[in-house]
Amino acid sequence: MSKNSSNIMALAPNTSNKRETVCIFGTGDFGRALGHKMIQAGYPVVFGSRSTQTSSLIPKDAEVLSHAEAAQKAAIIIIAIQRQHYNFLTSLAEILHGKVLVDVSNNLKINQYPESNAEYLAQLVPGAKVVKAFNTVSAWALQSGTLDASRQVFVCGDDMEAKQMVMDIVRALGLTPLDQGSLLAAQEIENYPLRLFPMWKFPILLSLGLAAFFFFYCLTRDVIYPYVYENKNFLFFIAISIPNRICPILALILLALVYLPGVLAAIIQLYRGTKSRRFPDWLDKWMLCRKQLGLVALAFASLHVLYTLVIPIRLFVRWRISSRIISQALNNKTEPLNNTNAWLSDSYLALGILGFFLFVLLGITSLPSVSNNVNWREFRFVQSKLGYLTLILCTAHTLVYGGNRFLSPSSYRWYLPNAYMLSLIVPCIVLVVKFVLIFPCLDKPLTRIRQGWERNPQHSE
Amino acid sequence: MSKNSSNIMALAPNTSNKRETVCIFGTGDFGRALGHKMIQAGYPVVFGSRSTQTSSLIPKDAEVLSHAEAAQKAAIIIIAIQRQHYNFLTSLAEILHGKVLVDVSNNLKINQYPESNAEYLAQLVPGAKVVKAFNTVSAWALQSGTLDASRQVFVCGDDMEAKQMVMDIVRALGLTPLDQGSLLAAQEIENYPLRLFPMWKFPILLSLGLAAFFFFYCLTRDVIYPYVYENKNFLFFIAISIPNRICPILALILLALVYLPGVLAAIIQLYRGTKSRRFPDWLDKWMLCRKQLGLVALAFASLHVLYTLVIPIRLFVRWRISSRIISQALNNKTEPLNNTNAWLSDSYLALGILGFFLFVLLGITSLPSVSNNVNWREFRFVQSKLGYLTLILCTAHTLVYGGNRFLSPSSYRWYLPNAYMLSLIVPCIVLVVKFVLIFPCLDKPLTRIRQGWERNPQHSE
Amino acid sequence: MSKNSSNIMALAPNTSNKRETVCIFGTGDFGRALGHKMIQAGYPVVFGSRSTQTSSLIPKDAEVLSHAEAAQKAAIIIIAIQRQHYNFLTSLAEILHGKVLVDVSNNLKINQYPESNAEYLAQLVPGAKVVKAFNTVSAWALQSGTLDASRQVFVCGDDMEAKQMVMDIVRALGLTPLDQGSLLAAQEIENYPLRLFPMWKFPILLSLGLAAFFFFYCLTRDVIYPYVYENKNFLFFIAISIPNRICPILALILLALVYLPGVLAAIIQLYRGTKSRRFPDWLDKWMLCRKQLGLVALAFASLHVLYTLVIPIRLFVRWRISSRIISQALNNKTEPLNNTNAWLSDSYLALGILGFFLFVLLGITSLPSVSNNVNWREFRFVQSKLGYLTLILCTAHTLVYGGNRFLSPSSYRWYLPNAYMLSLIVPCIVLVVKFVLIFPCLDKPLTRIRQGWERNPQHSE
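Taken in sequence, the protein lines are chains G, F and C. Just so you know, UniProt numbering puts 13 at position 13 of the first sequence, and the rest follows in order with no gaps. Just so you know, UniProt numbering puts 278 at position 278 of the second sequence, and the rest follows in order with no gaps. Just so you know, UniProt numbering puts 252 at position 252 of the third sequence, and the rest follows in order with no gaps.
What the hints contain is simulated information worked out from the structure, not anything from laboratory work. Hints may be right or wrong, so weigh each one.
Which copy is meant is left open, so a pair is good if it fits within one copy or across any two.
Okay, derived cross-link-like pairs now, DSBU-like style, lysine-lysine, Cα gap no bigger than 30 angstroms in a straight line [claimed, not checked]:
#1 Lys385 with Lys109
#2 Lys285 with Lys333
#3 Lys385 with Lys285
#4 Lys291 with Lys385
#5 Lys109 with Lys434
#6 Lys60 with Lys285
#7 Lys109 with Lys275
#8 Lys444 with Lys109
All chains should be built: construct the whole structure from the sequences, respecting the hints.
This is the structure we're talking about:
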């Protein structure tokens with residue numbers, strides 16, 4: 001429904017069976033937006049404000065009263081004012097006794113105050129039932145009706161019934177309530193909107209670190225070395241050539257790091273002979289950010305594809321090809337096709353294409369709406385079987401790309417091997433260990449351990 | 001669950017605690033599909049029909065009775081017949097008194113009748129509680145079980161309890177009810193399924209208009225001019241060369257238009273010194289279709305990437321390159337690498353790749369399921385910070401592409417500048433104004449205005 | 001909320017209004033994970049176990065008692081033990097009388113037992129109200145809080161009230177309950193997590209079959225023929241050249257097969273003169289897997305795009321181009337641009353780009369979260385109008401690619417036509433029939449039949 005529909009829907013005339021009145025303290029942006037939305041959903045709304053003059057911004061069908069008068073009209077009072085101004089509520093303690101107070105406030109910093117705003121409110125008005133809700137929704141989203149950002153509303157509170165009442169309102173507004181337990185969860189909920197991709201921090205920092213390392217490594221080999229020894233100025237390589245070395249390397253390493261913790265976990269389980277002991281904390285955290293690691297790897301792989309596909313348009317490449325052709329023409333010689341090289345060139349391209357294709361498939365299935373529509377077995381099939389196939393294809397792509405360059409001495413400038421060789425270490429380790437784990441003598445006990453609901457914990461493999 | 005599962009689930013034998021019977025008037029496609037689905041969900045269903053002969057199409061476990069008999073068996077009656085045939089319901093007024101009538105009808109045109117079908121129904125049977133629902137769901141989707149299209153069911157009605165009963169049924173069928181308020185919303189809800197991308201109309205019309213303008217502009221410069229002055233026939237440019245000029249221009253302009261309203265809003269807020277007055281209507285509408293504008297821009301950017309990447313496969317390009325090489329070979333001269341041009345060529349490609357990459361990221365985060373999983377701060381970070389970075393990269397891409405062509409007189413055929421120069425106007429304005437707005441002397445008051453819940457409205461910056 | 005938040009939320013101290021206690025039989029992975037999640041959501045949890053020693057793995061705030069004691073404390077008992085160990089429950093029959101037993105078990109194979117685990121449980125404890133639920137959720141997902149896989153919980157049971165209680169718990173845990181009807185649905189629900197993309201089986205098998213056929217076809221024409229007649233070794237074509245023939249062919253054929261059933265259905269409806277008779281079973285099934293067919297086609301189209309874009313990087317292609325240029329240079333002749341060929345080359349590339357672009361758009365709109373946000377008319381507009389446009393563009397792309405090669409005798413090696421010609425058969429049939437169906441003399445009766453709620457079924461067109 002578009003925004004302008006709200007006007008028509010605002011009034012609910014001969015409703016034989018009205019919803020309960022809701023009171024909103026505060027006529028700021030958020031209070032008004034929430035009030036507007038509630039009127040649309042059929043709730044009579046009364047605003048509590050210091051000045052009872054109705055401004056043109058306040059929804060027409062809402063009353064504006066003093067705080068005390070407004071509070072008396074409703075069982076649920078939404079406190080849409082800032083924490084700094086909460087103290088005046090103590091004077092209303094009597095009227096607020098037994099009422100449901102909904103704390104919608106947010107802070108400016110994570111853990112800004114020792115206790116959450118909702119708990120602070122509960123201390124100020126001990127007789128009221130405080131519920132935390134709505135803090136993850138923005139006034140803009142409510143007003144415009146285009147809830148592009150989250151529809152999820154985290155709700156917590158100590159009183160079950162009060163919480164249920166608030167969750168019903170949330171649902172009536174077309175949002176999704178998520179019960180987060182007692183009021184102790186309020187701190188967490190208040191911190192939530194202040195978070196900035198916490199799960200992405202590690203993968204992104206890791207990839208930035210690796211990218212910096214490989215950048216200087218390639219700079220040394222590909223720009224400084226030819227400048228020193230051949231006096232050639234290839235500084236413009238830092239625009240495309242070097243990024244196109246870094247991206248595939250990072251993609252491959254990060255992809256291997258997605259599967260490394262699973263392999264480590266299997267080794268730990270085999271060693272311990274039980275799955276019921278907790279993994280070390282770092283491994284647990286690592287396993288939880290595998291999806292993010294994989295998506296960062298996919299981002300680098302996509303950049304690699306784009307960088308590779310523009311190669312033939314690059315002026316430098318065109319110049320190099322044409323000068324090679326001209327020199328051949330002037331020397332009157334035509335090279336025959338080197339069949340081995342044609343094989344190698346086509347194979348590594350084909351492996352890369354198939355690997356990237358599967359990689360994108362993996363990425364698509366990790367979209368929330370897609371993964372919501374597959375069952376657990378299908379999800380694991382894609383993420384594990386297809387994932388390993390992707391890793392195998394991408395590793396093979398790099399190996400074949402290396403081709404007969406591995407042993408060529410020209411690959412070792414200043415004793416530094418080609419960067420792609422370094423990128424092969426982690427994936428090869430993962431694949432070899434995984435391959436070993438597939439052998440029945442290891443796979444069977446592992447499967448038993450993983451199914452073993454009742455397996456004797458003293459027993460060790 | 002797959003479709004063929006419905007047969008097994010149809011019968012619910014020893015249910016100690018049955019759901020309430022539902023009556024459906026009309027045995028057409030939609031009535032039958034709905035009945036089938038309800039039986040699956042455990043509702044006893046009775047059909048009301050003119051002819052009480054059960055056809056093979058009617059779900060086995062449903063009874064078919066006369067309208068009057070069927071209505072008496074249930075508290076909820078779903079009116080799955082067309083508006084034209086509603087009048088016979090007046091004769092049943094007594095039986096329908098106090099019952100919940102669910103209007104599921106749709107029209108063929110937007111605002112076909114002065115009042116909505118549901119309101120018309122309420123007038124015909126004043127004693128009944130009319131609820132509008134299910135009109136957004138198709139019979140095919142219900143039947144096949146593959147609810148590819150929307151699972152959202154808009155519900156409205158004047159009686160809260162009746163609405164709640166209908167919403168419970170909606171939920172039991174695995175659909176998502178969305179309460180839209182009183183029966184006045186029925187018109188809106190009936191128009192909803194008839195709409196064809198209303199939010200996309202403006203962005204698409206705008207881009208078509210711009211595309212037409214730039215098409216003729218480029219045609220004049222790139223096809224007609226060489227034909228007139230050099231007698232060269234480049235008409236085949238309209239297949240790839242000209243689209244590949246238009247696409248990046250439109251992508252850049254539309255992307256800039258996504259960020260222009262935000263900049264304008266900031267200026268207006270600074271000027272007014274308050275954020276509580278409404279923006280002009282056109283600005284409000286513009287802000288609401290920013291997402292669509294951005295996605296259309298992304299579409300053009302993607303086309304530009306594809307058009308660019310096929311360049312080396314084009315016969316014309318291959319011919320041009322090879323004839324240039326041959327003439328160099330015949331003249332016995334090898335051009336040395338122009339380092340500046342290599343830099344320019346690689347830089348504009350790299351900028352384009354990075355810009356496009358971020359642009360695609362923006363597009364992915366605007367997918368509903370992704371934006372549902374980020375909090376407001378993350379959403380704004382991506383859409384604002386990354387968005388501006390994308391705009392900067394894409395503008396830089398165009399500027400570097402221009403390179404030293406800006407001043408070359410050959411770029412001005414018939415006094416017409418190169419088309420890409422025109423495309424730079426809007427993005428440069430947006431970036432310059434945004435840059436100015438970042439200065440503390442403007443940014444500080446603006447931030448204060450935007451946070452200012454209580455700021456004095458008389459006070460003006 | 002991240003995983004580590006669970007600790008803070010675990011305790012709910014002064015809750016004036018507690019949720020009902022839930023009992024969990026079994027302290028295995030799944031039982032513990034579920035218990036943990038429920039404590040978070042505010043449910044007091046008591047575990048029933050053979051050994052009442054609390055292990056460190058069991059959530060701190062949960063009690064561990066004997067089965068009998070635990071069962072007495074709660075109205076809902078979750079049976080988180082394997083089917084093989086169900087028989088001990090008969091000894092508790094008296095205590096379990098009237099309680100809600102939730103069967104969460106899964107099997108290892110589809111239809112492993114004659115009756116579902118839930119039905120077996122209901123037989124063992126006839127006095128209890130058995131509800132099937134939670135079997136689609138994995139312990140890992142519950143524990144880690146990252147519900148990447150499905151949030152959907154299928155629920156079924158014969159007792160409405162018991163089912164409602166379980167669905168409330170499901171909702172409180174932040175999951176989405178889907179009522180599947182009576183306990184007869186349990187078999188289906190237990191099979192669900194064991195399924196592996198059942199809708200994809202046919203499209204994938206079909207495309208594998210077609211791929212194999214076209215692989216050998218192209219191998220014969222492009223590798224064996226030149227080896228036999230010209231003694232050229234083009235075996236390396238199987239890396240890129242042949243896949244790049246197979247992919248577009250499959251994409252085109254599969255895309256046409258998406259629209260063929262719709263055309264067949266129209267013919268059947270026209271012939272029968274009614275839409276109320278069921279289509280033959282194969283047609284129904286075909287129609288249900290159109291989305292999957294289309295997505296497989298899109299996958300092949302994407303591979304085709306990637307294979308095509310790497311063409312200029314291939315060593316073989318570079319060698320062929322440079323040797324052609326060198327021979328021209330040595331023969332001192334420059335070919336003029338063939339305008340017709342430039343037209344053909346640019347047109348088929350442009351058609352392919354536009355076709356692929358629309359194809360990707362179709363793919364994006366088939367993402368669940370996108371299709372959930374469009375109404376039925378918009379969905380049909382995209383899938384039907386845009387779909388046909390895609391088919392037309394892709395067919396035209398292939399026709400123009402063929403260009404003047406259709407009649408050239410060199411295209412017929414061993415009397416085998418070029419593979420792309422074979423791929424044109426199905427799409428051309430679909431487009432021609434669809435074109436015929438658009439004529440008013442056929443379109444009008446068809447539209448009438450499709451709208452015809454009341455059309456006389458005896459009457460035949």
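Now the hints, each set against the structure:
With identical chains, the CA atoms of Lys385 and Lys109 are at most 30 angstroms apart between copies only, with a shortest distance of 19 angstroms across copies and 42 angstroms within one. Proximity of Lys285 and Lys333 under a CA criterion of 30 angstroms is satisfied in neither setting, with 61 angstroms inside one chain copy and 62 angstroms between copies. For the identical chains of this complex, Lys385 and Lys285 are neighbours both inside a copy (22 angstroms) and across copies (28 angstroms), given an alpha-carbon limit of 30 angstroms. For a Cα distance limit of 30 angstroms, the shortest separation of Lys291 from Lys385 qualifies both inside one copy, at 15 angstroms, and across copies, at 23 angstroms.
Proximity of Lys109 and Lys434 under a CA criterion of 30 angstroms is satisfied inter-copy only: 26 angstroms between copies versus 44 angstroms inside one chain copy. Taking the shortest alpha-carbon separations for Lys60 and Lys285, only the inter-copy value of 22 angstroms comes in at or below 30 angstroms, while the best intra-copy value is 51 angstroms. In the homo-oligomer, the alpha carbons of Lys109 and Lys275 lie at most 30 angstroms apart only across protomers (23 angstroms), although the nearest pairing inside one protomer, at 39 angstroms, exceeds that limit. Only between protomers do Lys444 and Lys109 lie at most 30 angstroms apart by alpha-carbon distance; the minimum there is 18 angstroms, versus 51 angstroms within a single protomer.
Consistency note: the structure conflicts with earlier hint 2 alone.
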